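Undergrad: Protein chains in written order, with the working numbering: chain Y, 1 to 228; chain U, 1 to 225.
Keep in mind that the hints were calculated from the coordinates and are not lab data. There's no promise every hint is true.
For lysine-lysine, the following DSBU-like pairs were computed, each having C-alpha atoms within a straight-line distance of at most 35 Å [stated by the list, open to error]:
id, chain 1, residue 1, chain 2, residue 2
1, Y, Lys121, Y, Lys71
2, U, Lys22, U, Lys183
3, Y, Lys121, U, Lys183
4, Y, Lys205, Y, Lys175
5, Y, Lys122, Y, Lys175
6, Y, Lys122, U, Lys22
According to the in silico footprint, chain Y covers these stretches of chain U (three or more CB under 8 Å from chain Y) [stated by the list, open to error]:
id, stretch
7, 11 to 21
8, 81 to 87
Beyond 10 Å from chain U on every Cβ pair, some chain Y residues (computed) [what the hints assert, rightly or not]:
id, residue
9, His15
10, Ile76
11, Asp88
12, Ala178
13, Thr212
14, Arg227
Just so we're clear, the structure is a prediction, and the values are computed from it rather than from any experiment. Glycine is no exception: its CB is placed at the ideal position from the N, C-alpha and C atoms.
Spelled out from the first residue to the last, the chains are:
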Amino acid sequence: MIRTEHIGKSFGPLHALHEVNFAIPQGEWAALLGANGAGKTTLIRMLAALTRPSAGSIEVAGFDLERHAHKVRQRIGVVSHHPLLYGDLSAEENLRFYGRMFQVENLQNRIDELLSLMELKKRRHDLVRTFSRGMQQRLSLARAVLHQPGVLLLDEPFTGLDLHATDLLTRFIEKAIAGSVTVFMSVHDLDYALAHAQRLLVLCKGRLLMDTTPGGIGRDQLVELIRE
Amino acid sequence: MNSLRQIYTILYKDVLLELRSKDILTAMLIFSLTVVVIFNFVFEPGSAEMATSAPGILWVAFAFASNLGLSRSFAREQENSNMQGLLICPVDRSAVFTAKVIGNVLFIFLVELVTLPVMVLFFDLSIGAVWLPLLATLLLGTLGFATVGTLFSVISANTRSREVMLPIMLFPVTVPVILAAIKSTAWLLAGRDLGQVWPWLRLLIAFDVLYFVVCFLLYEYVVEE
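Sequences are here, hints too, so could you generate the full structure?
TA: Structure follows, in structure tokens:
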């Protein structure tokens with residue numbers, strides 16, 4: 001699960017996030033919506049222990065982030081709009097590197113399984129810089145779930161993906177949710193969020209304006225909120 | 001034990017990437033060899049000036065070549081935000097720092113091992129009896145330089161003119177290491193007794209320890225914002 005209490009983040013005089021409170025239970029798919037600059041990436045970076053909050057506390061996968069960042073990192077998978085992969089390493093070498101960093105057991109089997117799942121088995125020995133954006137993002141998802149995390153943090157994972165890759169990712173996330181993985185995803189596509197997420201959080205200028213379910217709000221109302 | 005394995009994993013990855021691209025080693029080698037060749041034409045062959053200037057020239061070549069390598073080494077982690085990828089791993093920032101320092105020392109030392117014989121040949125130096133303490137001097141000097149450089153390359157990467165910022169920050173701070181390394185090299189090449197060189201080596205060791213401890217402690221705060 002993910003819980004935030006009164007978290008804020010300031011960069012000098014700029015308040016990127018202010019008094020953000022929410023709790024996402026285990027196995028729920030939450031979509032984070034908001035205009036550019038609303039604070040979505042900052043919030044996801046904080047949940048991923050990449051940056052510290054200026055105020056408040058965060059609990060991820062049952063651990064306080066401030067005191068147990070190391071344990072939290074073992075239990076989260078992160079996908080951002082950057083693939084976080086080395087272009088001069090092959091797909092398999094990238095996964096092996098991250099697998100060793102996360103101390104994954106039976107690593108070779110897990111790599112084989114994920115490359116098959118992401119339809120990348122034939123390209124396993126090719127350098128990642130020769131991959132299309134969609135292939136890189138699929139490999140990025142494989143990297144993120146290599147250690148079977150309980151929480152998936154996805155920052156606009158569909159940017160630049162074609163329909164096939166989007167479908168593949170969606171199916172993968174649905175399977176993860178069925179396996180009790182908590183998914184927290186920032187996304188610009190409202191229709192996608194309304195169709196798939198079980199929970200909608202709307203950020204505007206660093207403040208959490210709404211925390212609801214897709215049934216609890218109409219599309220037009222959502223558009224209005226995001227525009228505010 | 002886990003940290004040691006993770007340090008090895010990061011180091012192995014860096015070496016593999018360098019073996020594929022060779023961009024760090026090539027840039028450093030071309031620079032250091034060019035410096036040695038150019039200065040070779042400045043002095044009269046076999047002159048006393050040539051012998052007395054050699055240690056300074058050697059360390060100027062190493063210092064500036066290292067600067068190129070350090071800058072490129074961190075730039076590689078910035079491509080595709082790979083540094084962020086490293087930081088989401090359950091690994092101590094100190095382990096990342098240690099792996100990066102070892103990698104940088106390895107690449108710089110390799111360049112020094114190629115440049116030194118060229119220098120010996122062009123400047124007609126005699127290192128037969130002192131090759132071991134000379135290698136120790138190179139290694140200790142490189143360690144101090146690479147330790148500070150590894151930290152500063154992260155800081156300068158977040159500035160607008162990073163190629164300029166790294167040497168501006170790095171060279172003043174590493175002056176004690178460079179001076180001690182030059183002095184130690186000069187006295188070894190002049191055939192001085194090892195007992196006379198030892199104080200300079202001790203100074204190098206002291207600065208290496210100091211720099212490593214300070215940079216080790218600061219790295220976590222530098223990489224996280």
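Undergrad: State for each hint whether it applies.
TA: Verification of the hints:
no.: 1; hint: Lys121/Y to Lys71/Y; result: holds, 31 Å
no.: 2; hint: Lys22/U to Lys183/U; result: holds, 32 Å
no.: 3; hint: Lys121/Y to Lys183/U; result: violated, 57 Å
no.: 4; hint: Lys205/Y to Lys175/Y; result: holds, 33 Å
no.: 5; hint: Lys122/Y to Lys175/Y; result: holds, 23 Å
no.: 6; hint: Lys122/Y to Lys22/U; result: holds, 27 Å
no.: 7; hint: 11 to 21; result: holds (count 5)
no.: 8; hint: 81 to 87; result: holds (count 6)
no.: 9; hint: His15; result: holds, 16 Å
no.: 10; hint: Ile76; result: violated, 7 Å
no.: 11; hint: Asp88; result: violated, 5 Å
no.: 12; hint: Ala178; result: holds, 24 Å
no.: 13; hint: Thr212; result: holds, 29 Å
no.: 14; hint: Arg227; result: holds, 29 Å
In this structure, the hints that do not hold are numbers 3, 10 and 11, in rising order.
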